[in-house]
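The chain contents come next:
There are 2 protein chains.
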Amino acid sequence: MKDLYPSRIKGMPSILERKDPIIHNSNKGDGPLNAQELDFYEDNGYLFMPNFFSEEEVTILQQELRRNMQDNKDSDEKYVVRESGGDEIRSVFDVHNNDEFFHNLSSHERLVHIAQQLLGSQVYINQSRINFKPGFKGKDFYWHSDFETWHMEDGMPNMRAVSCSIILTDNYSYNGPLLLIPGSHRYYVQCVGETPENHFEQSLKMQNIGVPDHDSINWLLQKGGRIDSATGPAGSVLFFESNTMHGSNSNVSPMPRSNVFFVFNSVENKLVEPFANITPRPEFIANRTNIQPIEPKSWDITKKKVTLHP
Amino acid sequence: MKDLYPSRIKGMPSILERKDPIIHNSNKGDGPLNAQELDFYEDNGYLFMPNFFSEEEVTILQQELRRNMQDNKDSDEKYVVRESGGDEIRSVFDVHNNDEFFHNLSSHERLVHIAQQLLGSQVYINQSRINFKPGFKGKDFYWHSDFETWHMEDGMPNMRAVSCSIILTDNYSYNGPLLLIPGSHRYYVQCVGETPENHFEQSLKMQNIGVPDHDSINWLLQKGGRIDSATGPAGSVLFFESNTMHGSNSNVSPMPRSNVFFVFNSVENKLVEPFANITPRPEFIANRTNIQPIEPKSWDITKKKVTLHP
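Line order of the protein sequences matches chains G and P. Each residue of the first sequence is one higher than the one before, starting from 3 at the first, in this note's numbering. Each residue of the second sequence is one higher than the one before, starting from 3 at the first, in this note's numbering.
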């Protein structure tokens with residue numbers, strides 16, 4: 003398969019134009035997002051929806067997040083990622099596979115229909131996780147495009163995926179919210195350097211390969227004109243395009259941050275061999291086997307009761 | 003001299019009530035700040051004044067900051083502090099002593115009259131520096147009260163000093179602005195642990211002694227109800243009380259931050275022996291000899307022309 007987005011080649015970095023549509027639906031109106039929301043997503047590469055989930059739903063989601071963390075307290079599964087130099091859980095991956103509640107959440111029609119509308123096809127979960135960023139000592143995360151990693155290390159061919167972050171703690175400007183460069187999804191920043199084998203074991207904690215250079219970030223910022231912060235109350239949901247440049251500052255504030263993170267990928271954009279010529283990353287980071295399109299389900303989160311669509 | 007604010011004693015931390023006034027002037031109206039500004043300072047422990055300096059003045063101030071950095075590029079003076087693991091200058095201390103322009107700036111009547119109004123006496127500069135926090139990799143700084151350090155390591159007896167930060171780059175919420183806990187200046191957080199000799203050589207880069215515990219920060223936040231960010235355009239000035247709890251997050255954004263920092267101390271609050279029973283820190287960090295009250299000067303920054311008051 004032709005590599006539309008080469009990266010991690012030696013020498014100087016360069017910036018390529020995006021070769022895929024941003025909204026893949028030929029009938030854009032076919033879904034829950036209205037024209038204004040679609041335009042915002044297309045222009046900026048993300049859409050922030052405050053209070054997407056109600057207070058009652060947030061209470062349940064928070065309980066389930068804590069319950070999952072508790073379930074995994076003593077786990078030595080690879081999908082449980084702990085803080086560097088500590089025992090505290092930072093993320094639990096693959097929750098759409100290994101946890102019934104989050105499996106059901108990942109197929110909730112309110113989320114899935116949006117992903118389908120943006121990607122113009124049936125979708126599946128390529129990656130899922132719950133994240134816990136503690137107060138006082140949350141680390142920063144340098145600028146990156148998720149797509150660059152998914153393309154090079156997982157073999158995602160095209161920019162036809164969308165990340166969905168369900169925010170479960172209030173995000174203030176000062177507790178390390180996600181920062182995004184609007185418009186950056188239209189450009190692909192080639193990174194310098196080759197990818198070592200098993201890079202993911204490091205990169206889940208600290209990114210050092212697939213890192214955009216300062217000039218490219220400055221260039222994107224020049225183009226986009228600003229940095230946006232995903233701030234808002236618990237229950238807000240952020241959809242952001244696979245290639246949108248994002249990062250976050252540290253969090254010295256006492257307020258922790260937690261969220262649920264689903265990557266919806268188009269069933270027409272399934273993973274192939276990694277473009278970096280390495281062994282594919284494990285299934286818990288990038289699902290490549292047993293891919294089934296999600297059947298969207300209507301269910302009441304506060305009752306944890308799933309009813310299949312009629 | 004009786005130690006009103008003991009700290010760094012072994013065992014459990016505790017929180018003491020402030021024993022000094024916040025505004026020391028018996029005739030509060032005697033100065034440039036109006037009643038509303040004074041009330042805000044008294045309640046919150048800081049006062050942020052947007053666009054205190056004009057654009058033309060900011061241009062000169064920025065030029066002079068860069069000129070000073072350039073002058074000190076190859077300096078091996080102790081007052082030039084570089085990034086850990088790098089050669090870049092992070093701060094130049096004692097600029098009111100070693101640089102004519104910043105000496106004059108430190109005696110500018112627009113600043114000094116405010117300090118005098120708050121401290122109710124003549125004032126002098128206890129510490130000065132210019133700071134440069136680079137984009138992309140600006141480090142975070144954990145919560146601290148400057149007074150705790152000045153008291154324990156420098157022997158400042160009372161809370162009768164005010165810091166003045168002249169902001170020379172636009173401060174956004176996402177490029178590591180100063181964060182403050184409103185109302186925290188009313189409480190003194192005792193820290194745990196003893197102070198080693200020459201602690202300052204480390205603490206200028208990374209604070210590890212004199213660090214408040216998490217519970218105390220949570221308690222202050224509970225009391226204050228919020229965290230405020232000192233965001234605003236270049237040319238804004240922040241006055242904050244010596245004991246106001248503050249910190250900052252890292253800065254992954256491309257936007258650097260620089261400022262000029264003066265600590266005005268009351269001439270009635272001169273340094274004595276450090277309360278931590280250590281050798282006093284060097285003069286470039288804490289002036290203790292040749293203390294002269296500042297004679298406020300009226301001068302035009304854009305003309306760099308100093309005229310003594312008639």
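The set of hints was computed from the structure by calculation and includes no laboratory data. Bear in mind that the values here come from a model prediction, so they are computed numbers and not experimental data. Incorrect hints may have been included.
Examples of chain G residues lying across from chain P (beta carbon under 10 Å, computed) [claimed, not checked]:
1) 77
2) 80
3) 83
4) 87
5) 91
6) 93
7) 138
8) 253
9) 254
We put the CB at the ideal spot given by N, CA and C, even for glycine.
Cross-check of the supplied hints:
1. Here the hint on residue 77 of chain G is broken, as its CB sits about 26 Å from the closest CB of chain P, past 10 Å.
2. Checking residue 80 of chain G against chain P by beta carbon gives a least distance of about 28 Å; that is not within 10 Å, so the hint is violated.
3. Because the beta carbon of residue 83 of chain G sits about 21 Å from the nearest beta carbon in chain P, more than 10 Å, this interface hint is broken.
4. Because the beta carbon of residue 87 of chain G sits about 15 Å from the nearest beta carbon in chain P, more than 10 Å, this interface hint is broken.
5. For residue 91 of chain G, the interface hint is violated, since its Cβ never comes within 10 Å of a Cβ in chain P; the closest pair sits about 19 Å apart.
6. For residue 93 of chain G, the suggested interface contact is broken, since its CB lies about 19 Å from the closest CB of chain P, more than 10 Å.
7. About 6 Å separates the beta-carbon of residue 138 of chain G from the nearest beta-carbon of chain P, less than 10 Å, and the hint is met.
8. The restraint placing residue 253 of chain G at the interface with chain P holds, with a minimum CB-CB distance near 7 Å, inside the 10 Å limit.
9. A distance limit of 10 Å between C-beta atoms decides the matter here; for residue 254 of chain G the minimum to chain P is near 5 Å, and the interface restraint holds.
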